[in-house]
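One letter stands for each residue in the lines below.
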Amino acid sequence: MPPDPATRASPWRDRRLPLGVATLAALAIAGLVVPLFYGIDPNAMPDPVGLAWRAPSAAHWLGTDALGRDVLARLLAGTRVSLGVALLASAVAFVVGTLWGLVAGWRGGIVDTVLMGIVDTLLAIPRVLLLLIILGFWEARSALVVGVILGLTDWMRTSRLVRADVRAARTAPWIVAARAIGASDARILRVHLLPVVLRQAAIAAALAAAHALMLEAGLAAIGLGIAVPQASWGTMLVTAVTEVSFYWWLFAAAAVPLFAASAACVAISDAARTLLDPRAR
Amino acid sequence: MTAPMIDVQGLTIRAAGRVLVSDVSFSVAREQTVAIIGASGSGKTLTARALLDLLPTDLSRDAASRIVIEGRDLGTITPAQRPDWRRRTFGVVPTAVQSALDPVRSVREQAQLIAALTPERHDEFEALLATVGLAAPARYLDRYPHQLSGGEAQRVGLALALLRQPQVLLLDELTTALDAISRGALLTTLRRVREQQRTTMLLITHDLDVAFALADTVLTMDAGRMVECAASATLRRAPQSAATQALIAAWPTLDAPAQITTPTTGPPLLRAEALRVRFGAVDALAATSFTLHAGERTAIVGPSGSGKSTLLRALLGLEPRAQGAVWFDGARLGAARSRRWRQQVQWLMQHAGRSLDPRLRVARSLAEARAAHDLTTTPEQVAQSLAAVELDPSIADRYPHELSTGQCQRVAIARALALEPRVLMLDEPLTGLDPVTAAGITRLLARLHARTGVAVVTVLHDLAFAPQVADRVLVLDQGTLVEDAPLATIIAAPTHPVSRQLYDAARAATLSAPSSA
Numbered sequence: 001m002p003p004d005p006a007t008r009a010s011p012w013r014d015r016r017l018p019l020g021v022a023t024l025a026a027l028a029i030a031g032l033v034v035p036l037f038y039g040i041d042p043n044a045m046p047d048p049v050g051l052a053w054r055a056p057s058a059a060h061w062l063g064t065d066a067l068g069r070d071v072l073a074r075l076l077a078g079t080r081v082s083l084g085v086a087l088l089a090s091a092v093a094f095v096v097g098t099l100w101g102l103v104a105g106w107r108g109g110i111v112d113t114v115l116m117g118i119v120d121t122l123l124a125i126p127r128v129l130l131l132l133i134i135l136g137f138w139e140a141r142s143a144l145v146v147g148v149i150l151g152l153t154d155w156m157r158t159s160r161l162v163r164a165d166v167r168a169a170r171t172a173p174w175i176v177a178a179r180a181i182g183a184s185d186a187r188i189l190r191v192h193l194l195p196v197v198l199r200q201a202a203i204a205a206a207l208a209a210a211h212a213l214m215l216e217a218g219l220a221a222i223g224l225g226i227a228v229p230q231a232s233w234g235t236m237l238v239t240a241v242t243e244v245s246f247y248w249w250l251f252a253a254a255a256v257p258l259f260a261a262s263a264a265c266v267a268i269s270d271a272a273r274t275l276l277d278p279r280a281r
Numbered sequence: 001m002t003a004p005m006i007d008v009q010g011l012t013i014r015a016a017g018r019v020l021v022s023d024v025s026f027s028v029a030r031e032q033t034v035a036i037i038g039a040s041g042s043g044k045t046l047t048a049r050a051l052l053d054l055l056p057t058d059l060s061r062d063a064a065s066r067i068v069i070e071g072r073d074l075g076t077i078t079p080a081q082r083p084d085w086r087r088r089t090f091g092v093v094p095t096a097v098q099s100a101l102d103p104v105r106s107v108r109e110q111a112q113l114i115a116a117l118t119p120e121r122h123d124e125f126e127a128l129l130a131t132v133g134l135a136a137p138a139r140y141l142d143r144y145p146h147q148l149s150g151g152e153a154q155r156v157g158l159a160l161a162l163l164r165q166p167q168v169l170l171l172d173e174l175t176t177a178l179d180a181i182s183r184g185a186l187l188t189t190l191r192r193v194r195e196q197q198r199t200t201m202l203l204i205t206h207d208l209d210v211a212f213a214l215a216d217t218v219l220t221m222d223a224g225r226m227v228e229c230a231a232s233a234t235l236r237r238a239p240q241s242a243a244t245q246a247l248i249a250a251w252p253t254l255d256a257p258a259q260i261t262t263p264t265t266g267p268p269l270l271r272a273e274a275l276r277v278r279f280g281a282v283d284a285l286a287a288t289s290f291t292l293h294a295g296e297r298t299a300i301v302g303p304s305g306s307g308k309s310t311l312l313r314a315l316l317g318l319e320p321r322a323q324g325a326v327w328f329d330g331a332r333l334g335a336a337r338s339r340r341w342r343q344q345v346q347w348l349m350q351h352a353g354r355s356l357d358p359r360l361r362v363a364r365s366l367a368e369a370r371a372a373h374d375l376t377t378t379p380e381q382v383a384q385s386l387a388a389v390e391l392d393p394s395i396a397d398r399y400p401h402e403l404s405t406g407q408c409q410r411v412a413i414a415r416a417l418a419l420e421p422r423v424l425m426l427d428e429p430l431t432g433l434d435p436v437t438a439a440g441i442t443r444l445l446a447r448l449h450a451r452t453g454v455a456v457v458t459v460l461h462d463l464a465f466a467p468q469v470a471d472r473v474l475v476l477d478q479g480t481l482v483e484d485a486p487l488a489t490i491i492a493a494p495t496h497p498v499s500r501q502l503y504d505a506a507r508a509a510t511l512s513a514p515s516s517a
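Residue numbers (the numbering used here), protein chains in the order written: chain R, 1 to 281; chain C, 1 to 517.
Keep in mind that a hint or two might mislead.
[As the list claims (entries may be wrong)] Per label pair, the in silico range of CB-to-CB distance:
1) A91(R) <-> A274(C): 54 to 62 Å
2) A15(C) <-> T121(R): 46 to 54 Å
3) G117(R) <-> A274(C): 41 to 49 Å
4) V33(R) <-> V104(C): 54 to 62 Å
5) T121(R) <-> P83(C): 43 to 51 Å
6) R105(C) <-> I125(R): 52 to 60 Å
[Unchecked claim] Here are a few chain C residues that sit away from chain R, every Cβ distance over 12 Å (derived from the structure):
7) Q32
8) D53
9) R61
10) A63
11) P103
12) T131
13) T176
14) A238
15) W347
16) H373
17) L444
18) L448
Think of the hints as simulated: they come from the structure by calculation, not from any bench.
Ideal placement from N, C-alpha and C gives every residue a C-beta, glycine not left out.
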């Protein structure tokens, strides 16, 4: 029985998606556009002693930090960096994980055994430990390095999900039919299998972004995050956390957007779960 | 006169404002058998589910409708009492029994769940298994559902349903997946069950033969309405409603007019030479040789498990264990078929609707098949393809799940023909279709054959459909080709015992000769 067109799910009827996208879009605009109009250098220290720990005022909307730097300027710069790191990590995990899982699932046999053996081995090592080992190689870690490394330690789950989907779908009647019709392997992978695995991969990618946001802050706390004086939500949180009882706005300035962005990623991931189901279209 | 076992008055079922079943009233007397017939989607199963008070949650029964079972109004049974009431009253064998059985429990364990198997009850269950036609019942007790064939699962389901001595036996499309021979055997079983158990039976079926052979009263549904209700013999002799007439007219008869015989001269288009498939020590297909000429229409007929689909898959190069040679157009084919060959020989798997990618719209599916062979597709070509299989071109932007089974089947045929093949191979194209839809497909295939001259190979488990789709019949039994003859010969004088059996089963299922119940 064909479903009534009126009851078909519209992407925007699920409120989680617009909320999540709007939150991230607002943060992205704040990080990319607002600094063009807010002309204070986030790293400038005109008077490290005299200007330190200022409360919010007309001159410094969010006050100043321990070194007299403008908190709003640092927040805007940090937003750009933190979101960039999350996006990069999520993209790396998405691409590597999807390709890895596609190849393993489609080829099967020894290729599958070897590729998935590598995944299982990597998954057996706690991620933070893996990060400690790898990030230790760099003296001064740029946002680029942290983003790529976060991605390279988070693609394994994606690859397992993708592989499982491919294994299940490769004997699906429409795949067998596509083979019988004479479609090439590349064509079957691209047209028939990629859309199947994208659902899980997209859900995993949104979650990977949320994890990357949190881990960036966590790494900053143990001194293995993005090198100072580069501002990020993580580095700002770490410098603010010791003084939180006196200068709470420093902490809130980084904690609120970090929380909002993570929640937005999780919301988008949840919404993707329902929206990418072909039967809900 | 005693009160009827089931009494339904003004049953109306709605879903989100649409009326699915409208004002259905009927009653079933004790120990009577009533069959509800009708095309797919006519509301047969919904009506049955309403009796059990098991409607899908998004559907609702109108408050005005009244269902009385064993003198008890359904409305007076509290939700807490319902499971127990259902268990005591009904024995249900749903469609696709195999998937309704618990996959992780053996037959014995499932029986234990239904009724505590004391030693006496245990013997009783074994006797029931024998009654439903499972010889040596002890062999089945420790099997799991996946170790049962379709026919065996059906019988186990029936025995489980009978175990509680239900007041009403509800059988939903019991014969839909069975070959003609097993179906005949199951009919005999049901007659015996009815005599021995004296149950009231409600059959939901689009198999007219089953309905007329078993039911005292037959009720026709069409688009959610009850359009006719009469004694079985009366309805069969003189159907009043257009829906019943259409169902009866669509039912296959072996007397269908012979089609124009297709040419079998010249070099063969396709030739199989000692084609053989071994599954371990078993020959799923013993060395088989036959030829197919351009434009020829051939049916491969045999009981379930006789190797029909295996033969098709071996021809198609989809069976890695196949040995022997296949020649096409004078050239021997390698193990891997070329793309060019794949374009020329098109295959429709069983339940062809499922061969459509659920994520692609119809137009995209058609275009994809052509793109695999570097052919471009215009919207006009899509519309033409759909028109050729008698579908409205507006379905081009629908997804498969928005189409009916019959429509999906037609889209799959359109997709195969969009590649302009020289051979079309169909695996059980009529399985699971109601008679009207099935007749529509066979008529379509005949017309397409006449227009395009494509050679058609059709796998069937029922000889009754062969006259409409073939001029020649290959009969398979236990992996062996036992007869290869023109259709007329098979119908007039089948030589091999299995051909004879298939013929008799098909003959018995036709409506021409009324059988005594």
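Hint-by-hint comparison with the structure:
Evaluation of the 54 to 62 Å hint for A91(R) and A274(C) yields a pass: the beta carbon distance comes to about 55 Å. Between A15(C) and T121(R) the C-beta distance comes to about 52 Å, which sits within the given range of 46 to 54 Å. Distance hint check for G117(R) and A274(C): the Cβ-Cβ separation is about 42 Å, which falls inside the suggested range of 41 to 49 Å. Range check, V33(R) to V104(C): about 59 Å between beta-carbon atoms, so the 54 to 62 Å window is met.
Against the hinted window of 43 to 51 Å, the Cβ-Cβ separation of T121(R) and P83(C) comes to about 50 Å, which satisfies the hint. For R105(C) paired with I125(R), a C-beta distance near 41 Å fails the hint of 52 to 60 Å. Non-interface status of Q32(C) relative to chain R is upheld: no Cβ of that chain comes within 12 Å, the nearest being about 31 Å off. At the 12 Å boundary, the C-beta of D53(C) stays outside the reach of chain R, the nearest C-beta of that chain being 21 Å off.
No beta-carbon of chain R is positioned within 12 Å of the beta-carbon of R61(C); the least distance is around 18 Å. A63(C), annotated as away from the interface, keeps every beta carbon of chain R farther than 12 Å; the closest lies near 23 Å. Look at P103(C): its CB is around 17 Å from the nearest CB on chain R, clear of 12 Å, so calling it non-interface holds up. Every beta carbon of chain R lies more than 12 Å from that of T131(C), the smallest distance being close to 37 Å; the non-interface claim holds.
For T176(C), the shortest C-beta to C-beta distance to chain R comes to about 18 Å, beyond the 12 Å cut-off, and the non-interface label holds. Listed as a non-interface residue, A238(C) keeps its Cβ farther than 12 Å from every Cβ of chain R; the least gap is roughly 33 Å. Listed as a non-interface residue, W347(C) fails to keep its Cβ farther than 12 Å from every Cβ of chain R; the least gap is roughly 5 Å. Chain R draws H373(C) into its interface by the beta-carbon criterion, the shortest separation being 6 Å against a cut-off of 12 Å.
For L444(C), the shortest C-beta to C-beta distance to chain R comes to about 19 Å, beyond the 12 Å cut-off, and the non-interface label holds. Distance check on L448(C): its Cβ is at least 18 Å (rounded) from any Cβ of chain R, clearing the 12 Å threshold; non-interface status holds.
When the structure is compared with the earlier hints, violations turn up for hints 6, 15 and 16 and for no others.
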